[in-house]
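Novice: Residue numbers for the sequence shown follow UniProt numbering, beginning at 1 and rising by one.
It should be emphasised that the hints constitute simulated quantities derived from the structure, not laboratory data. These numbers come from a predicted model, not from an experiment.
With a straight-line Cα cutoff of 25 Å, these simulated SDA-like cross-link-like pairs (lysine to any residue) come out:
id, residue 1, residue 2
1, Lys-121, Pro-109
2, Lys-49, Asp-98
3, Lys-139, Pro-107
4, Lys-41, Pro-74
5, Lys-136, Tyr-77
6, Lys-147, His-119
7, Lys-105, Leu-71
8, Lys-59, Pro-107
9, Lys-50, Ser-7
10, Lys-105, Cys-95
11, Lys-13, Asp-44
12, Lys-121, Pro-108
13, Lys-105, Leu-70
14, Lys-4, Cys-19
15, Lys-59, Pro-9
16, Lys-59, Pro-74
17, Lys-139, Tyr-77
18, Lys-49, His-76
19, Lys-56, Lys-73
20, Lys-139, Asp-113
21, Lys-49, Tyr-106
22, Lys-73, Pro-61
23, Lys-13, Arg-42
24, Lys-41, Ser-54
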Amino acid sequence: MDSKEVSLPLIHKHLMMPCNDPRQGDCCGGLEAISDGYFCKRCDCFVHKKCATSSKYIKLPSHSAHTLELLSKPHHYCDLCGRFIRNVCYHCEMCDFDVDLYCAKYPPPEVIDVSEAHHHKLTLFRERIEFNCGAKCGKIGNGFPYKCHECDLNFHIDCVWQSAEVKHPLEKD
1 MDSKEVSLPL IHKHLMMPCN DPRQGDCCGG LEAISDGYFC KRCDCFVHKK CATSSKYIKL
61 PSHSAHTLEL LSKPHHYCDL CGRFIRNVCY HCEMCDFDVD LYCAKYPPPE VIDVSEAHHH
121 KLTLFRERIE FNCGAKCGKI GNGFPYKCHE CDLNFHIDCV WQSAEVKHPL EKD
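Full structure from sequences and hints, please.
Specialist: See the structure below:
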């Protein structure tokens, strides 16, 4: 990689150096594949090349009413998956809706059938709600869960993909 400093104003406020030392990034919470990218000596911050070329504005099916803007907004949580946002995210000012770079690139499907975890189809709920997770975690959530309309159960997005057992209202413990 070229060793000249580059400006990535959408991602980071300081000039960054191209870096071909593959490592986890501070951009997407380390969820993107380890790759080369850009490094800020002042902040000890590494950004994947793929994350550095993210669009300034995007539209997501799960938040189709408004356009989301790429912002440096650390110390928040992704409203889709609940993961901690370490550096940048896509944000909707009107709804106070934040999506990490990983969910922006790989958005959760609108409808899923995960028969090993639950025997009905689950639909991504389009409104932020407080809910009790129907998976084994049983924790209270506040966000955009997957919903089973037949059982009236809600699930954290991560719990659905971890194939956690669900508590069905008609089954006995």
